[in-house]
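Participant: With the sequences and hints as input, model every part of the structure.
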Amino acid sequence: MSTDGNLQDVSLDNWCHKRDAYLSTLVRAHGPAGASLSVCPGCQGLSKSLPQFRCRDCFGGVIYCQECVVKKHAENPLHRLEYWNTRFFVKCSLAALGLRVQMGHPPDSPCTAPDAGPKGFVVLHTNGIPEVAVDFCGCEGALSAGSHEIQLLRAGWYPVTHERPQTCATVVLLERFHVEALESKTTLYHEYSALKKLTDNTGNKPPDQYHEFIRMCRQWFHLILLEHGARAIAYSPSGVEGTAEGELAVLCTGCPRPGVNLPEGWEGPSSLRFLYTLFIALDACFRLKRRLVSNELRDPDLGSGWAYMVETTKYREYLRGVTNQKEMNTCSGLAALDYANTKFSRGYSTTGC
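So the sequence shown is numbered by our numbering: it starts at 1 and just counts up by one.
Hints are supplied without guarantee of correctness; some may be wrong.
As the list claims (entries may be wrong) - Straight-line Cα separation of at most 25 Å, DSS-like style, residue types lysine-lysine; simulated pairs:
(1) K71 x K119
(2) K119 x K91
(3) K196 x K119
(4) K48 x K72
(5) K197 x K119
(6) K119 x K48
If you're looking for bench data, these hints aren't it; they were derived computationally from the structure.
Model, not experiment: these values are computed from the prediction.
Facilitator: Structural data, given as structure tokens:
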């Protein structure tokens, strides 16, 4: 492939002659693609049911009978299945085929007293929002397995609530969204919209889990911040509540800090001291006006003062003694300062400079 923008991409030009073969192969995949519809390759025909199910997420696209496809997905309960209705493939779920996901036990170690989870249990995953049938551990090992939300967490499913959870997001999805939000600036709304499209792109919307997704992502980001700050009880006996103000803030690696990234004798010649000047930026114009929330009861702080923002109570106490600042305007053409402390238009968070 040429790196010169004026030359033709030979590889792409050669690929054009392969388009018919590529397209035919893709169209072929919409059907059985030569797979046997009479003998299941998993049980070699021992099952009474015919091979009619294939997985969109497993390698190979092999078509199995119902018993085999359920058995093979004991460790992959969030995969997407398709059912051959003699004319075309239609979507179906592992839960509808009888797969139950056992929490608190390895896949090959069934629970002797499973505690059925709530109906309509959904899990937000990278491939969509599937509905699953969940059983929690209720046998003699339930004490070591933990409460329902702990069993879910140990399985890699983050619950939206600790009170009889019915909605989860996989840790894989939360980790991926975290990276996408940082690298490609993907919003939570668009991430959830993509999951809905992956689940059903025909216009039939799945049950709305958007606000649940917001809560789980916010809790997840907070927990990651605490983990990076070594606030787990395994590292700090005082745990989360022992976090000090500013302890979770990540210090800038480029800012000069004596004993960390400054050379010996940096205090030396005053003519070179400017090289080690610390610059601090202040929000002097808009004064954190966008920090306002609708209601602190509905949108509470999870770690007030632990990272980059000051503690809320102290912040409120300080504001009580602050009045509007009247700045000196020496320029007759600068009218912005005349409205710096007023809100003369609806919908503006702040005005002036």
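Participant: If you draw a straight line from the CA of K196 to the CA of K119, is it 25 Å or shorter?
Facilitator: Holds, at about 20 Å.
Participant: Hey, K71 versus K119, does the alpha-carbon distance stay inside 25 Å?
Facilitator: holds, 21 Å
Participant: Take a quick look at whether K119 and K91 sit within 25 Å of each other, Cα to Cα.
Facilitator: The given pair, whose Cα atoms are some 20 Å apart, holds under the 25 Å limit.
Participant: Check the hint pairing K197 with K119 against an upper bound of 25 Å on the C-alpha distance.
Facilitator: Holds - the C-alpha atoms of K119 and K197 are around 23 Å apart, at most 25 Å.
Participant: Could you grab the alpha-carbon distance between K48 and K72 and see if it respects the 25 Å cut-off?
Facilitator: OK: K48 and K72 at ~17 Å, within 25 Å.
Participant: Take the C-alpha atoms of K119 and K48, compute the straight-line distance between them, and say whether it is at most 25 Å.
Facilitator: violated, 29 Å
The structure does not agree with numbered hint 6 stated previously, though it agrees with all others.
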